[in-house]
Amino acid sequence: MEQRIIAGVQVNLNEEGYFTQPEQWTKEVAVEIAMQERIQLTDKHFAVLELLRERYFKGDTLTIRMVGNSGIIDIKGFYGLFPGAPMKKAAKIAGIPKPASCF
Amino acid sequence: MANEEFPLKKVCIICAKGAIEDVYVALLLGNGAVMEGIETKMFFTFYGLDAITKKTMNSLHTSVVGNPALRMPGGIPFPTLLGVLPGVEAAVSAAMRKQMSGLDIPPVKEFFEMIEAGGGEIFACKLAMDMFKLKRDDLWDGVKDILTVGQFYEKCGGLQTQIIVV
Numbered sequence: 001m002e003q004r005i006i007a008g009v010q011v012n013l014n015e016e017g018y019f020t021q022p023e024q025w026t027k028e029v030a031v032e033i034a035m036q037e038r039i040q041l042t043d044k045h046f047a048v049l050e051l052l053r054e055r056y057f058k059g060d061t062l063t064i065r066m067v068g069n070s071g072i073i074d075i076k077g078f079y080g081l082f083p084g085a086p087m088k089k090a091a092k093i094a095g096i097p098k099p100a101s102c103f
Numbered sequence: 104m105a106n107e108e109f110p111l112k113k114v115c116i117i118c119a120k121g122a123i124e125d126v127y128v129a130l131l132l133g134n135g136a137v138m139e140g141i142e143t144k145m146f147f148t149f150y151g152l153d154a155i156t157k158k159t160m161n162s163l164h165t166s167v168v169g170n171p172a173l174r175m176p177g178g179i180p181f182p183t184l185l186g187v188l189p190g191v192e193a194a195v196s197a198a199m200r201k202q203m204s205g206l207d208i209p210p211v212k213e214f215f216e217m218i219e220a221g222g223g224e225i226f227a228c229k230l231a232m233d234m235f236k237l238k239r240d241d242l243w244d245g246v247k248d249i250l251t252v253g254q255f256y257e258k259c260g261g262l263q264t265q266i267i268v269v
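Line by line, the protein sequences are chains A and B.
If you use the working numbering, the first sequence corresponds to residues 1 to 103, in order.
If you use the working numbering, the second sequence corresponds to residues 104 to 269, in order.
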């Protein structure tokens with residue numbers, strides 16, 4: 001685990017860069033982490049990030065399918081917003097643990 | 104260290120079976136790769152074609168005869184003789200599909216759509232199509248192409264690539 005200051009906020013990250021304390025997350029922190037992933041966050045990105053955080057705090061399993069059914073964005077769009085590995089990238093930027101779902 | 108230095112970049116999945124559990128193994132491996140940002144190619148041949156055929160893809164069946172791992176509710180081994188009774192296979196298959204949708208695992212067609220949306224590519228085997236007298240129109244629209252084995256192998260090149268056979 002490491003402690004880092006991102007956008008002026010102290011955050012605790014695990015060895016893979018995921019938050020260990022999701023309540024430390026702020027939008028400014030998200031912007032900075034996203035830049036490291038070469039993603040410029042838009043309102044659409046934030047809508048997805050907030051969805052993931054909301055579902056995470058509710059205790060739901062986070063899946064790509066859930067994002068696709070959310071009405072915010074379809075699956076193709078989700079891959080477009082967070083290219084490569086969308087679920088992992090989005091979780092990292094949303095300040096929540098790495099999703100453990102297989103689909 | 105080798106894992107960090109040489110992460111998997113491409114997986115090529117070959118599915119030659121049409122039982123629901125086999126097709127789901129292929130789908131989970133394929134979708135899992137796409138989700139990780141790994142380039143994914145899937146090739147369906149022989150009975151695997153059922154998985155990408157419009158008429159059959161959402162009503163695949165499970166094997167109730169000669170399947171030693173199949174159990175009844177409660178964990179008692181499923182007697183092979185039961186499997187030959189009319190309707191039993193359909194009921195077990197329906198139960199299997201229900202079990203999966205209870206876990207929020209998508210139906211076959213939706214699963215393929217998820218893979219396609221993430222950039223995964225799905226191919227059908229030309230020889231098996233000819234064998235089963237299938238036409239392009241019989242296949243799910245998302246199938247990218249009908250290929251020979253050689254053409255599929257051409258797509259499987261490159262370092263850090265694995266071929267997985269289901």
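It is worth saying that the hints were derived from the structure and are not from the lab.
Among these hints, one or two may not hold up.
Derived list of chain B stretches under chain A, where covered just means 3 residues or more per stretch with a C-beta under 8 Å from a C-beta of chain A [unchecked claim]:
1. 136-150
2. 203-215
3. 246-253
Here are the simulated lysine to aspartate or glutamate pairs, EDC-like style, with alpha carbons at most 20 Å apart [as the list claims (entries may be wrong)]:
4. K76(A) / E124(B)
5. K212(B) / D74(A)
6. K112(B) / E37(A)
7. K76(A) / D233(B)
8. K201(B) / E124(B)
C-beta: ideal position from N, C-alpha, C; glycine also.
Results of checking the hints against the structure:
no.	hint	result
1	136-150	holds (count 3)
2	203-215	holds (count 5)
3	246-253	violated (count 0)
4	K76(A) / E124(B)	violated (26 Å)
5	K212(B) / D74(A)	holds (16 Å)
6	K112(B) / E37(A)	holds (18 Å)
7	K76(A) / D233(B)	violated (33 Å)
8	K201(B) / E124(B)	holds (13 Å)
Hints 3, 4, 7, counting from the list given before, are not met by this structure.
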